[in-house]
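K.L.:
Sequence:
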Amino acid sequence: MSNTAQEILDAVGGPGNITHFTHCATRLRFELNDASVVDKDRVEAIDGVLGAVPQSGDRYQIVIGGAVQSVFNEINNLPSMKPGAAASNNDVKAAARAKARGKNAIVDAFFEYLSDSFRPLLPVLLGASLILAFLAVLEAFGVVDTHADVIPAWLGYVNSMWRAVFYFLPAMVAYNASKKLDIDPWVGTAVILSLLTPNFIGLSNASSFTETTCTTTALGSEQCVTQIGSLPLQLSDYGGQVFVPLLMVPILALLYKGLKRIIPSNIQMVFVPFISFIIIMPLTAFLIGPLSIWIGNGLGGGLAWLNGHAPILFAIIIPIIYPFLVPLGLHWPLNALQLANIAATGSDFIQGPMGAWNFACFGATAGVLFLSIRDRDTDMRQTASGALAAGLFGGISEPSLYGIHLRFKRIYPLMLTGCVVGGLVIGIGGGAITHTFVFTSLLTIPVFSPMSVYGLGIAAAFFTAFLMVVFFDYRTKEQKAEVRAKKSLLADDAPAAAPAAAPVAEASPAFSDEAKADLTLTSPMAGTTVALSDVADEAFAAGALGPGIAVSPAAGAVVVAPCDGKVSVAFPTGHAYGIKSASGVQVLIHIGMDTVKLEGKGFTPRVAKGDVVKRGDVLAEVDWDVIREAGYDTITPMVVTNKKKFGEITPAAPGPVGISDTVVTVSPKEA
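As numbered in the numbering used here, the sequence shown has no gaps in its residue numbers, which increase by one up to the final residue, 822.
Please keep in mind that the hints were generated in silico from the structure rather than gathered at the bench. Wrong hints could be hidden among the right ones.
[Stated by the list, open to error] With a Cα cut of at most 30 Å, we get these calculated BS3-like pairs of lysine-lysine:
| no. | residue 1 | residue 2 |
| --- | --- | --- |
| 1 | K795 | K752 |
| 2 | K820 | K752 |
| 3 | K820 | K748 |
| 4 | K717 | K820 |
| 5 | K795 | K717 |
| 6 | K717 | K765 |
| 7 | K752 | K796 |
| 8 | K820 | K796 |
| 9 | K191 | K330 |
| 10 | K820 | K628 |
[Claimed, not checked] What follows is a list of derived Cβ distance ranges for each label pair:
| no. | residue 1 | residue 2 | range |
| --- | --- | --- | --- |
| 11 | T816 | L557 | 18 to 28 Å |
| 12 | T801 | E772 | 24 to 34 Å |
| 13 | L464 | M602 | 19 to 29 Å |
| 14 | P424 | F521 | 51 to 61 Å |
| 15 | T801 | A705 | 20 to 30 Å |
| 16 | F292 | I430 | 24 to 34 Å |
This structure is a prediction, so every number in the text was calculated from the model and none was measured. Think of the CB as a built atom: it goes at the ideal place given N, C-alpha and C, for glycine as much as any other residue.
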């Protein structure tokens, strides 16, 4: 089959000729850059191809038959297809997780399976939780009683809106889990939907089925069992039960893939789903479903015991563990348990203490925002303001975690203090429960009961973390120095508020007229120049810090001044320098990528801020091996940070350079 896939790919002109690629029931469908290169006779001569159908424009179809899904997958998995396909954000994350797997690969894969089964559902869960929050606000103001025996029709309809998400959540989880395990997601979805049909639910009606008997459990709920032949079938309400698809889909995947290996490809489309249904649907109804509910009830009962016997300890433990679970994707089992609690008992006691973690996270982000405004750190202010808005109004912690907290290790103990204080307040108050799954944000506060206890707890968490970050800061001395230096570098790029009345003489020595007129920059080191857009750092590659060029250093290269001027910035770590040239060009030289983390190791500075330098003077000596061994890129960007004061800034073509070669030419600004 792989030969067929490769031959088809070659026949349509290779990966570079494909702009879009999909399939239907029997055909591969291509959108090509140039369909004229495809030889129809060559395509139809390929083993496994039933026909070729050119379409209008540059569309092309190749008829495969029942094996179309397999051929499609084979083509997508060819090595030559990988470079041409832009990886999605989820692909990148999945690749990173796969690379990070160590000896506990099975455990890592298990949690990755849980995470990928839930992560795509975040938007719909968030939307449904906000509908619930809206109803809770209306109830708090006495507009409507959502628990009344008789409710208005509009409320019944609104209830159907949010219940659709939570009731059919098992089917959505089954779809994602099936995709994760690389089987037809609709087969897994159909298995779960069979448990949610009126036909299955109707079996609980003892008056309609003589084989059905119902009893009342010790907890007051009704439990029904019917007989299918001689086998007892436990009839449970599977709406919202997410453990069922999580346990069912791996078993389905084993069967599904086994069937594909033994059933001929031209009839797989019919018989693989058929045999999967007649085996897995009964297995799920008789065994997997009841077992999954038993597991969920058992885990919920264990945590309920801890909450009942040591409520303060429980309320502190939950918010403390979440900051470590969320970045690894290990929080999904607890989230699944919250949904199982609601499905089984109608309420959940985990989300209340969990709110303390979320608001401690948001409070730490607010502290970072406060410091970024105070320090005029524009980049961090933008990051923190966006993350804080996503948290307070959406209940989403990932922007804060990945954008800030995991980048600055000092922030975690400060945030954990807020988690402890918030959890302690909720525990002393007797805990807080909710009757539905929501994202903990400002908008969902009314959903929790008692609202006063929950509100005090999350406020304590938020302001404790906020004050801890403001007073103790989240950055090391080097990181704070970098912010101050960056401010100094970019200051010259800001337009003046008004023309100066008269020039003010600087204390530095006067430069020659020739130096003042020179708008060229020579290479800061011997090596090979590359385009700035090829630098891995997004800020440099996008030109956010200014236009320029980058240099890959030659062995033993030293960093030198690219022009006559004055050192305006010299980082204490020795990894970056700013020079204001005699002609007014402000230059930033950043030695390597992320090398600030080396904290000066491998760098020997030869100048300090305020020193006057000539073109070719040594700025720093660098042990490039230290940088490489630490896992950092040695590529060194050189950019002009006050580009607004000049005209066109032209980098030289990539290639080998010495320290006397001009690599950037700056044009005067036109009057």
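K.L.:
All hints are to be evaluated individually against the structure, with a verdict given for each.
P.N.:
Evaluation of the provided hints:
| no. | hint | in the structure |
| --- | --- | --- |
| 1 | K795 / K752 | 35 Å, violated |
| 2 | K820 / K752 | 40 Å, violated |
| 3 | K820 / K748 | 38 Å, violated |
| 4 | K717 / K820 | 22 Å, holds |
| 5 | K795 / K717 | 20 Å, holds |
| 6 | K717 / K765 | 9 Å, holds |
| 7 | K752 / K796 | 36 Å, violated |
| 8 | K820 / K796 | 7 Å, holds |
| 9 | K191 / K330 | 34 Å, violated |
| 10 | K820 / K628 | 38 Å, violated |
| 11 | T816 / L557: 18 to 28 Å | 41 Å, violated |
| 12 | T801 / E772: 24 to 34 Å | 30 Å, holds |
| 13 | L464 / M602: 19 to 29 Å | 23 Å, holds |
| 14 | P424 / F521: 51 to 61 Å | 57 Å, holds |
| 15 | T801 / A705: 20 to 30 Å | 23 Å, holds |
| 16 | F292 / I430: 24 to 34 Å | 53 Å, violated |
Violation of the numbered hints given earlier is confined to hints 1, 2, 3, 7, 9, 10, 11 and 16; the remaining hints are satisfied by the structure.
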